[in-house]
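**Q** Line by line, the protein sequences give chains A and B.
My numbering applies: residue 1 is where the first sequence begins, and numbers increase by one.
My numbering applies: residue 1 is where the second sequence begins, and numbers increase by one.
The hints are simulated quantities; they were obtained by calculation from the structure and are not laboratory data.
Incorrect hints may appear among the rest.
Some residues of chain A that are not near chain B, with every Cβ distance over 12 angstroms (derived) [as the list claims (entries may be wrong)]:
{"id": "1", "residue": "S2"}
{"id": "2", "residue": "T139"}
{"id": "3", "residue": "I320"}
{"id": "4", "residue": "L351"}
{"id": "5", "residue": "G355"}
{"id": "6", "residue": "N358"}
{"id": "7", "residue": "V478"}
Facing chain B, from chain A, some residues (calculated, C-beta under 7 angstroms) [to be verified]:
{"id": "8", "residue": "V16"}
{"id": "9", "residue": "G198"}
{"id": "10", "residue": "A202"}
{"id": "11", "residue": "G206"}
{"id": "12", "residue": "V323"}
{"id": "13", "residue": "P357"}
{"id": "14", "residue": "R359"}
{"id": "15", "residue": "L479"}
It should be emphasised that the depicted structure is a prediction, and the values quoted were computed from it without experimental measurement.
Ideal Cβ placement from N, Cα and C applies to all residues, glycine included.
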Amino acid sequence: MSVLARSVGNAFRNKVRTAAVVAVLAVAIGLALAMLVANQAVTGKVAELNASVGTVLTVNPAGGQGFEGGGEPLTSAQAATAAAVPNVSSVVGTKALRLRNAADMAAEAASGRTGQGGPGGQSATSVTTSLTAAVDAGTLGNRNQASTGASGSSTAGTTGSTAQAAPAFSLPITATGIGAEMDSTGKALQLTQGTGLGNYTAASTGALLGTTLATKNGLSVGSTFTIGDKTFTVQGLFDAGTAFGNNALYVTLPTAQTLAALPDELSTMIVTVNSMENVDAAKTALQTALGSDKADVTQGQRNLETAVSSLDSVKNISFIAFVAALGTAGLIILLIMVMLVRERRREIGVLKAIGAPNRTIGLQFVLEALVLVAMGSVVGAAVASLASGGIASALISSSSSTSAAATGQRGGAGGFPGGGFPGGAGGPLGGASQLLTSVTASASPGVIAAGIAAVFGVAIIGALVPALLTARIRPIEVLRGE
Amino acid sequence: MIEVKNLVRTFKSGDRTIKPVNDVSFELEQGTLASIVGKSGSGKSTLLSLLGALDKPTSGDVVVNGVSLASMPDGKLTNYRRRDIGFVFQQFNLIPNLSAVDNVMLPMEFAGVRKAARAERARQLLEQVQLDPDKHGRRINRLSGGEQQRVAIARALANEPKLILADEPTGNLDEQTGEHIIELLSTLSRDHNTTILVVTHDRALANKTDRRFRLQQGRLTEETARTRATAALTG
Ligand SMILES: Nc1ncnc2c1ncn2[C@@H]1O[C@H](COP(=O)(O)OP(=O)(O)OP(=O)(O)O)[C@@H](O)[C@H]1O
Ligand SMILES: [Mg+2]
């Protein structure tokens with residue numbers, strides 16, 4: 001019989017109570033571990049987000065963005081200028097195109113509506129395609145179409161046809177030529193199937209399709225479709241996380257420029273700065289180098305601030321909850337052990353009367369507490385692995401609804417029409433919501449181990465107080481019967 | 001050699017103070033078998049707890065082989081209880097959820113005896129106090145009062161103490177087993193030079209001891225042939 005064996009024996013002395021204590025401990029420990037896992041998942045995501053988006057600047061033509069506004073388009077020469085700015089590590093150009101379904105165009109032409117290129121159209125070029133948009137026009141699309149239609153073709157009969165319902169109208173599809181495997185905000189594409197396009201700076205007949213667009217058109221990796229009179233092969237499918245973002249396709253930059261017959265033009269440039277600290281300086285330098293009458297430089301992160309701050313609050317909440325649950329576990333141990341010490345006062349007196357040193361008795365109680373915590377941890381880890389996914393998604397969905405509301409307001413104030421705004425809105429805002437949903441709380445063994453180590457640390461502290469109390473019990477206690 | 005010098009222990013109960021040990025002095029040579037008799041409540045257990053360093057005297061001192069208990073720090077007192085003293089409690093005070101063998105092994109564990117050696121010795125001691133071998137592994141709370149008493153005696157002998165303090169060691173035993181325990185104790189004092197002080201109501205046991213003390217209202221007197229005759233006359 002050793003101290004350890006005695007501790008284990010004592011832990012099971014009152015089995016009903018032991019079961020109750022283990023159950024309560026398991027809840028506290030399970031909650032602590034689940035919160036730790038959620039915290040780790042969110043922390044990882046925030047770091048990833050800061051690393052990828054925090055150093056990205058977006059350059060748009062001055063006075064224009066996407067298919068909105070006006071001004072002069074960006075050129076390859078400006079990309080070279082941007083690349084020469086200090087601290088800029090890479091410049092990737094994109095070229096956006098609006099694709100219209102060939103059959104719809106023909107139908108609209110027949111019904112007397114012009115197949116114009118869409119609103120604004122300063123940098124957009126409308127090209128026909130065999131693809132059908134995966135998004136229905138709906139109220140927003142028709143409203144946008146109607147307003148631009150009225151300004152674009154006033155002669156088409158405002159006299160008699162205002163009351164006449166517009167024929168079913170299909171949305172354009174955005175094709176973006178990209179110089180690297182990233183979306184138009186500089187975020188890496190999430191390929192769900194197939195491969196990338198290989199060299200993005202050379203013309204190719206490969207294309208990457210959004211998942212819903214591919215599904216709508218019955219395409220998969222290896223299928224073909226046409227843009228203009230060229231045949232393209234689907235090389236990969238991506239998931240942008242939004243319906244809008246997935247109603248899009250990507251080709252290489254030179255391909256897009258060729259399709260648009262504007263070989264030197266860029267819609268946007270994605271500029272990556274070498275470190276977070278240099279972003280502000282590089283932004284100013286870039287604006288000066290390009291000229292504020294030629295280009296607007298914006299920081300991608302600004303759009304994601306809401307997302308980051310809501311993630312940060314999830315991180316803080318989960319950390320506080322972790323500490324609180326850990327403290328609760330410690331408190332449970334403290335109270336249980338104080339109770340046990342009081343209950344076994346006489347027995348402790350006996351041990352002292354027959355010459356047990358204080359440290360042996362103290363150790364016996366700490367070990368007994370650890371036996372209880374070990375059992376609580378086993379059950380708690382099982383609870384945590386079942387609950388952490390649910391808890392993390394509950395935390396995140398509650399915070400993402402607030403961030404969605406915030407970004408929604410921002411979008412509304414900016415007045416971006418829902419149907420005619422490619423990339424821009426779908427990028428950062430879509431990216432943010434995608435990022436929120438993609439925080440999956442996976443219980444990694446390392447994190448669980450660290451959490452359990454913390455639980456044991458707290459348990460030792462909790463058990464030490466009652467163990468030290470045993471030192472004050474005098475052996476004479478044993479001579480007085482209870 | 002144990003010297004008891006003017007030992008006093010008082011308790012306060014309400015506004016009254018009682019003195020179950022009132023100016024007690026005596027000396028015992030090493031290897032003496034001595035007994036204390038006295039009425040219930042006369043202070044026998046209180047005196048024994050002072051000698052066993054379980055309690056601290058209000059005044060006076062106990063000197064064991066030249067070392068004063070009054071001047072010992074708590075850590076040293078623990079060592080004293082572990083190495084030098086074997087205490088048989090009036091209420092046994094065994095650990096109820098451990099087996100008989102485990103209880104006897106406890107003092108040896110605290111003294112750092114190796115596990116195999118302590119199991120071996122524990123079984124030998126339980127045999128010496130005549131506990132059925134098939135009851136050695138039984139939990140204390142499943143043993144009878146007399147069986148528990150013998151386990152308590154075996155535990156007191158575990159670390160071969162120089163001084164055994166036994167409070168009513170035969171109180172729960174039948175005559176025959178009691179005789180055997182008395183025999184065991186006299187053998188220890190005679191052959192192992194162990195000093196033994198027993199508190200007892202058992203005349204047969206008291207008569208077999210080398211020296212006999214009587215405690216009356218906190219005062220200790222030694223019985224000689226003459227005082228015994230007087231006591232017999234006065235009843
Ligand atoms: N902690 C205490 N507080 C107050 N009074 C006490 C305390 N311990 C013992 N006493 C009192 O001291 C007196 C002596 O008690 P003690 O236990 O020494 O008697 P005893 O001689 O061993 O009796 P018995 O033969 O019944 O065991 C009793 O009157 C008892 O009530
Ligand atoms: Mg007594």
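**Q** Against this structure, judge whether each hint is valid.
**A** Tested hints:
Chain B draws S2 of chain A into its interface by the beta-carbon criterion, the shortest separation being 7 angstroms against a cut-off of 12 angstroms. Annotated as non-interface, T139 of chain A keeps its C-beta farther than 12 angstroms from every C-beta of chain B; the closest such distance is 77 angstroms. For I320 of chain A, the requirement that its beta carbon stay farther than 12 angstroms from each beta carbon of chain B is met, with the minimum near 41 angstroms. With a least beta-carbon separation of about 7 angstroms from chain B, L351 of chain A fails to lie farther than 12 angstroms from that chain, contradicting its non-interface assignment.
Not every CB of chain B is more than 12 angstroms from the CB of G355 of chain A (nearest about 2 angstroms), against its label as outside the interface. With a cut of 12 angstroms on Cβ distances, N358 of chain A falls inside the contact zone with chain B, its closest approach being about 8 angstroms. With a least CB separation of 5 angstroms from chain B, V478 of chain A falls inside the 12 angstroms interface cut-off, contrary to its annotation. The closest approach between the C-beta of V16 of chain A and any C-beta of chain B is roughly 15 angstroms, which is over the 7 angstroms cut-off, so the hint fails.
For G198 of chain A, the shortest C-beta to C-beta distance to chain B is roughly 71 angstroms, which exceeds 7 angstroms, and the interface hint is violated. Given hint, A202 of chain A at the interface with chain B, is violated; its Cβ is 78 angstroms from that chain's nearest Cβ, farther than 7 angstroms. Against a cut-off of 7 angstroms between C-beta atoms, the interface hint on G206 of chain A is violated, since the closest Cβ of chain B lies about 74 angstroms away. Interface restraint check for V323 of chain A: the shortest CB-CB distance to chain B comes to about 37 angstroms, outside 7 angstroms, so the restraint is violated.
Checking P357 of chain A against chain B by beta carbon gives a least distance of about 6 angstroms; that is within 7 angstroms, so the hint holds. The criterion of a C-beta within 7 angstroms of any C-beta in chain B is not met by R359 of chain A, whose closest approach is roughly 10 angstroms, and the hint is violated. For the restraint placing L479 of chain A at the interface with chain B, the shortest Cβ-Cβ distance is roughly 6 angstroms, inside the 7 angstroms limit, so the hint holds.
Of the numbered hints given earlier, the model fails hints 1, 4, 5, 6, 7, 8, 9, 10, 11, 12 and 14; all others are met.
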